[in-house]
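With the hints as extra help, turn the sequences into a complete structure.
There are 4 protein chains.
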Amino acid sequence: MITILKADATKQQRDNLIQWFESQGLKVHISKGEFQTVLGLVGDTSRVDESLVEALEIVERVTRVTESYKAANRKFHPEDTVVEVGDVKIGGGGFAMIAGPCSVESEAQILEIARSVKASGASLLRGGAFKPRTSPYDFQGMRAEGLELLLEAKEATGMPIVTEIMNADHLPLFENVDVIQIGARNMQNFELLKAVGRTNKAILLKRGLANTLKELLMSAEYIMSEGNENVILCERGIRTFETYTRNTLDLSAIPALREKTHLPIVIDPSHATGRASLVEPMALAAAAAGADGIMIEVHNNPEQALCDGAQSLTPAQFDRLAKRVLKVREAIL
Amino acid sequence: MITILKADATKQQRDNLIQWFESQGLKVHISKGEFQTVLGLVGDTSRVDESLVEALEIVERVTRVTESYKAANRKFHPEDTVVEVGDVKIGGGGFAMIAGPCSVESEAQILEIARSVKASGASLLRGGAFKPRTSPYDFQGMRAEGLELLLEAKEATGMPIVTEIMNADHLPLFENVDVIQIGARNMQNFELLKAVGRTNKAILLKRGLANTLKELLMSAEYIMSEGNENVILCERGIRTFETYTRNTLDLSAIPALREKTHLPIVIDPSHATGRASLVEPMALAAAAAGADGIMIEVHNNPEQALCDGAQSLTPAQFDRLAKRVLKVREAIL
Amino acid sequence: MITILKADATKQQRDNLIQWFESQGLKVHISKGEFQTVLGLVGDTSRVDESLVEALEIVERVTRVTESYKAANRKFHPEDTVVEVGDVKIGGGGFAMIAGPCSVESEAQILEIARSVKASGASLLRGGAFKPRTSPYDFQGMRAEGLELLLEAKEATGMPIVTEIMNADHLPLFENVDVIQIGARNMQNFELLKAVGRTNKAILLKRGLANTLKELLMSAEYIMSEGNENVILCERGIRTFETYTRNTLDLSAIPALREKTHLPIVIDPSHATGRASLVEPMALAAAAAGADGIMIEVHNNPEQALCDGAQSLTPAQFDRLAKRVLKVREAIL
Amino acid sequence: MITILKADATKQQRDNLIQWFESQGLKVHISKGEFQTVLGLVGDTSRVDESLVEALEIVERVTRVTESYKAANRKFHPEDTVVEVGDVKIGGGGFAMIAGPCSVESEAQILEIARSVKASGASLLRGGAFKPRTSPYDFQGMRAEGLELLLEAKEATGMPIVTEIMNADHLPLFENVDVIQIGARNMQNFELLKAVGRTNKAILLKRGLANTLKELLMSAEYIMSEGNENVILCERGIRTFETYTRNTLDLSAIPALREKTHLPIVIDPSHATGRASLVEPMALAAAAAGADGIMIEVHNNPEQALCDGAQSLTPAQFDRLAKRVLKVREAIL
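Protein sequences appear in the order of chains L, Z, G and U. All the letters of the first sequence, read from the start, carry residue numbers 539 to 871 under this note's numbering. All the letters of the second sequence, read from the start, carry residue numbers 539 to 871 under this note's numbering. All the letters of the third sequence, read from the start, carry residue numbers 539 to 871 under this note's numbering. All the letters of the fourth sequence, read from the start, carry residue numbers 539 to 871 under this note's numbering.
Among the hints, a few may not be true.
[As the list claims (entries may be wrong)] The calculated DSBU-like cross-link candidates involving lysine-lysine, where the alpha carbons are at most 35 Å apart (straight line), are:
(1) LYS752(G) with LYS752(U)
(2) LYS570(Z) with LYS570(G)
(3) LYS739(G) with LYS549(Z)
(4) LYS798(G) with LYS865(L)
(5) LYS861(G) with LYS656(L)
(6) LYS544(G) with LYS798(Z)
(7) LYS752(L) with LYS732(U)
(8) LYS732(G) with LYS752(Z)
(9) LYS627(L) with LYS752(G)
(10) LYS565(L) with LYS549(U)
(11) LYS798(U) with LYS656(Z)
(12) LYS732(L) with LYS627(L)
(13) LYS613(Z) with LYS732(G)
(14) LYS732(U) with LYS544(L)
(15) LYS570(Z) with LYS549(G)
(16) LYS570(L) with LYS798(U)
(17) LYS570(U) with LYS570(L)
(18) LYS565(Z) with LYS739(Z)
(19) LYS544(U) with LYS798(L)
(20) LYS608(Z) with LYS549(G)
Simulated from the structure, these hints should not be mistaken for laboratory data.
What follows is the structure in structure tokens.
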């Protein structure tokens with residue numbers, strides 16, 4: 539950590555600060571310039587509160603050299619983490635093809651879609667039971683009943699399931715869920731992160747609409763610091779000024795996160811674009827950029843989907859997408 | 539609600555859609571153009587799921603004419619809502635001067651600050667007990683103990699208190715809290731919104747970092763639709779590309795929300811700017827733009843504040859700010 | 539065009555507006571709802587100024603059904619435009635591999651890089667002579683002299699060249715340039731757009747940092763409406779809150795623009811990401827998403843490049859990238 | 539300037555870099571930490587290209603301690619600059635009330651508005667002759683003829699005039715214009731900045747829609763480094779995800795720029811909000827935050843304004859605004 543002092547800091551102020559750093563067990567290297575003094579801190583600075591130091595009147599700026607995330611940091615864990623879900627390996631070369639409807643709507647619907655996407659090569663089944671919706675008047679999901687139907691589909695097809703949790707109190711209902719999803723709006727619901735961190739489930743953590751990659755990693759750190767290291771990161775579009783797509787899919791997050799962390803990275807082009815016609819090109823692009831998986835909304839009847847139908851593919855469209863994604867993956871081997 | 543159909547929609551498809559709308563109890567007015575057909579829907583469209591309709595292959599676009607929020611909508615409730623907290627009236631001409639530290643740190647600290655800001659004219663005391671922090675390694679607040687100290691300060695000074703909740707399970711601890719704050723990161727934690735909607739407390743709802751005014755109103759609607767109409771909206775800066783300030787304070791939210799809703803609107807310039815030197819000018823601007831209150835971080839020793847010290851004012855700075863804010867309020871009467 | 543009137547518009551006001559629309563040669567279809575009246579305008583609305591209509595006190599909102607760009611619009615020109623530059627075809631299946639240094643620095647430099655990227659399969663040579671720089675104190679390019687060196691490299695290698703213009707007064711210097719680039723900062727320099735629209739050169743138009751796809755198309759329209767239809771669109775990253783990458787590369791622009799326009803679409807991952815290590819994954823992703831070309835910064839000595847070295851590839855890195863991009867293109871055929 | 543080296547930099551690499559810095563006339567202070575080495579550069583680093591240094595393989599990060607703008611920097615010019623235009627002083631306590639129509643439309647229009655806003659207290663007359671419009675099919679202004687009419691209004695009322703230039707070739711037409719405006723879309727049209735920098739006119743430089751305060755200051759620096767120090771900065775809203783207002787007015791730019799620069803700061807609430815009903819509250823807020831002037835669109839017939847009518851005030855509305863702004867200014871004295 540580098541602390542740049544203001545030009546007008548007095549010797550007394552400077553010495554007080556240095557003493558305080560040393561009292562935290564840090565070594566302090568001093569470099570005096572014409573316009574400023576720079577303090578280089580050596581030791582475990584991860585618990586030093588940056589904003590606290592920046593608050594000091596004599597401090598011009600603070601720059602971290604080492605990141606404040608440890609468990610998620612590739613520096614301290616150079617090998618790729620492989621999250622195993624049933625027979626499926628995600629990360630380290632293993633690719634997750636996750637597909638299913640936005641919402642579970644009925645037994646017939648979820649079973650039909652599950653069988654269909656499995657036949658096309660999907661390895662995990664997704665489906666929303668608890669649905670976060672902007673309006674209290676929109677369909678909120680089938681909730682516990684939807685979870686039951688998902689578990690039936692899991693039993694019928696053998697596919698592990700991925701579904702979102704919105705409330706830590708619902709955890710007992712998720713006992714047989716394979717991958718628990720934390721939605722974008724809850725990425726910084728720290729109480730929920732800690733709660734799923736105390737389970738041993740795989741957690742699919744979606745990037746918030748306006749969260750940086752660093753914040754995403756800090757949220758992963760919340761889960762991991764409670765003991766659960768089975769975290770899968772998911773980019774699903776960020777909020778920008780562009781209005782043609784629902785959000786802007788940030789595919790550069792794939793190689794950027796790859797450098798920073800050992801955790802697997804999955805892309806959700808359906809929510810990001812909000813338009814069915816853009817999903818396949820973005821899925822192919824995600825595969826080309828090295829994603830560890832993709833998450834695709836598929837509905838047997840997109841035009842009647844109870845939510846987000848605009849972005850759902852038909853089973854036939856998904857079949858084509860899945861085949862082409864595999865070809866792109868081969869091309870970049 | 540206006541539904542614009544694609545040029546190539548067949549008569550059969552169009553008739554099916556019209557029938558479906560009619561089955562929802564809506565009247566449908568048809569306007570055929572050279573390039574498109576437009577359906578105007580009349581009746582209660584608030585429960586029609588926009589994304590569902592936009593998903594239909596024959597639909598080009600959907601435009602709402604009436605907003606999907608009802609309880610918060612000024613159209614259906616033309617008079618300003620006045621939220622009463624103890625003797626303090628917020629909205630409808632009543633102005634809330636809310637001040638206090640970012641975090642409660644000790645009995646001595648909170649009592650000293652409370653007395654000081656009260657003497658300068660603050661009407662409510664703020665202080666964080668449960669703190670949402672980006673990093674799991676940063677100070678998380680004194681939690682239940684902090685709440686106790688806040689309640690002591692309330693008793694000692696008679697000031698109603700405002701403090702943040704992060705978990706619905708903590709509600710019993712908030713029994714004697716006057717205003718429960720929902721933080722920006724939880725603005726779309728719908729389960730928490732519903733939980734506080736089932737209380738009769740005043741709720742201070744902060745706008746999320748990347749949420750539109752419409753989404754803020756929809757989140758207020760979540761609280762109100764559970765029966766609690768004591769909602770105070772709070773603008774605290776949005777995330778933009780600018781990095782000089784922590785966030786960009788959107789003061790146009792004041793007159794914009796004023797047109798849309800009857801709920802009171804409070805501004806938090808401390809979190810928005812993240813810099814003590816910008817707090818007073820932005821507080822004066824908020825008052826000039828017609829805010830119903832301001833929320834200011836004050837610390838007796840900002841340089842040693844355990845969090846967000848960079849943006850805290852000293853009691854003397856707050857005293858000057860409070861006097862000047864009143865002068866600006868008089869100027870715009 | 540749909541014009542939604544406010545509920546309180548009087549019959550007199552409505553009739554006046556309808557008359558005015560009719561005087562512009564439009565037919566007006568009226569649909570009266572319980573809360574509002576909707577006017578559907580049929581005819582050539584491309585010259586109706588949306589903001590003018592929205593300004594009227596009785597108007598609630600205006601929605602365009604047909605876009606205001608004509609020449610660039612795929613609706614009126616369903617086939618892909620193929621821009622031909624020397625032997626290179628861009629669009630309609632033709633792929634442009636554009637490579638070269640950020641800035642031309644010397645004869646030796648540009649010749650060496652040109653030969654090297656040609657050997658790796660590049661079809662066009664890029665190089666900056668006039669450089670737009672945020673600071674007046676940064677290197678501004680070799681200007682006219684740099685242009686000379688580029689033309690020498692063209693002669694030596696036979697590669698057509700792409701280079702940026704910043705001032706219409708410089709056009710005579712660009713007589714032998716094959717593709718004139720309009721930089722992101724000049725995307726809405728309308729005087730410059732009109733000037734290059736009066737030439738018959740191929741124009742590479744870069745999307746502005748905060749411009750929507752619609753605005754990009756309107757800027758293409760400025761060029762095309764002056765008679766020059768040889769426009770190539772270029773996505774090079776947009777400005778968002780994320781700071782890890784220089785900008786956020788919006789790859790969904792490829793399929794989105796594909797639907798809207800017949801013009802070819804090229805991706806510049808070097809400027810978008812600002813980091814050499816992210817360039818190859820993003821180039822592969824662009825190819826997978828169906829781009830008509832990529833534009834890559836290559837420098838024989840990136841560490842000493844006079845500008846933007848951080849994002850330049852070495853010739854060896856470019857060679858690997860070029861081969862892999864071709865493989866991905868084959869995979870999606 | 540601080541240069542942080544990567545942990546794996548060899549001694550040889552480090553020594554080479556240090557030598558290179560020294561060859562630029564800089565002194566280098568070295569601070570070795572456990573994980574990194576930090577070089578502190580002392581001397582005139584304003585001409586060191588940050589991106590060049592960051593490009594080096596051994597460099598982790600570069601941090602500037604002193605800003606790269608000099609002429610605009612308050613550090614080197616502590617007193618407020620006062621730009622004088624006729625009898626009007628802008629900055630250092632002098633306040634500019636600038637008003638007029640978006641576009642000059644006719645002699646009668648501009649004369650009537652000029653007289654009216656002067657009577658209400660406006661000190662400068664604004665009016666667009668050359669209009670930058672997103673679409674080539676929208677009204678482009680009366681151009682040279684509009685300039686003539688503005689000059690007539692100046693003569694008739696004695697008010698200095700402010701109007702936008704879009705092309706350096708038009709400069710001769712601007713000989714009698716008092717304040718030349720550089721529009722937001724041209725904020726980084728560096729050729730135009732340099733051209734107006736070679737005049738001795740007052741220049742009103744508008745912040746670009748997606749430009750940081752630092753970039754705004756760098757653009758001011760382009761003008762000033764050519765010899766013209768009469769620069770007025772203008773905040774007119776930035777582009778964000780919010781769609782209710784046209785742009786988001788960043789009023790914190792006032793105190794933030796005040797700290798950084800000695801140049802006067804003017805606010806344009808009309809373009810920022812795009813809604814007449816929000817203009818007065820934002821003008822009052824600007825005054826409360828300490829702006830050196832405001833720029834307001836006024837039209838005698840906003841509903842028929844040829845552009846941007848939605849945001850124009852009537853003369854009566856402006857009269858009320860002007861009186862209230864003065865009251866707020868008195869309140870904060």
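> LYS732(U) and LYS544(L): Cα distance at most 35 Å?
Replying inline: 34 Å, holds
> Is the Cα-Cα distance between LYS798(G) and LYS865(L) 35 Å or less?
Replying inline: It holds: about 28 Å lies between the C-alpha atoms, which stays within 35 Å.
> Quick one, are LYS752(L) and LYS732(U) close enough, alpha carbons at most 35 Å?
Replying inline: The given pair, whose Cα atoms are some 39 Å apart, is violated under the 35 Å limit.
>> Hinted pair, alpha-carbon criterion (35 Å max): LYS570(L), LYS798(U). Please report holds or violated.
In response: Holds, at about 24 Å.
>> Just to be careful, I want the Cα atoms of LYS570(U) and LYS570(L) compared with a cutoff of 35 Å; is the pair within it?
In response: 14 Å, holds
>> Would the hint linking LYS739(G) and LYS549(Z) be met if the CA-CA limit is 35 Å?
In response: Given that 35 Å is the threshold and the Cα spacing comes to 47 Å, the pair is violated.
>> Can you confirm whether the C-alpha distance between LYS570(Z) and LYS549(G) stays at or below 35 Å?
In response: Status holds; Cα separation ~22 Å.
> CA of LYS544(G) to CA of LYS798(Z), is that 35 Å or under?
Replying inline: 15 Å, holds
>> Given the hinted pair LYS752(G) and LYS752(U), is their Cα-Cα distance within 35 Å?
In response: 28 Å, holds
> If you draw a straight line from the CA of LYS613(Z) to the CA of LYS732(G), is it 35 Å or shorter?
Replying inline: 47 Å, violated
>> Hinted pair, alpha-carbon criterion (35 Å max): LYS608(Z), LYS549(G). Please report holds or violated.
In response: 28 Å, holds
> LYS861(G) and LYS656(L): Cα distance at most 35 Å?
Replying inline: The hint holds at about 33 Å.
Hints 3, 7, 8, 9, 13, 18 from the earlier list are contradicted by this structure; the remaining hints agree with it.
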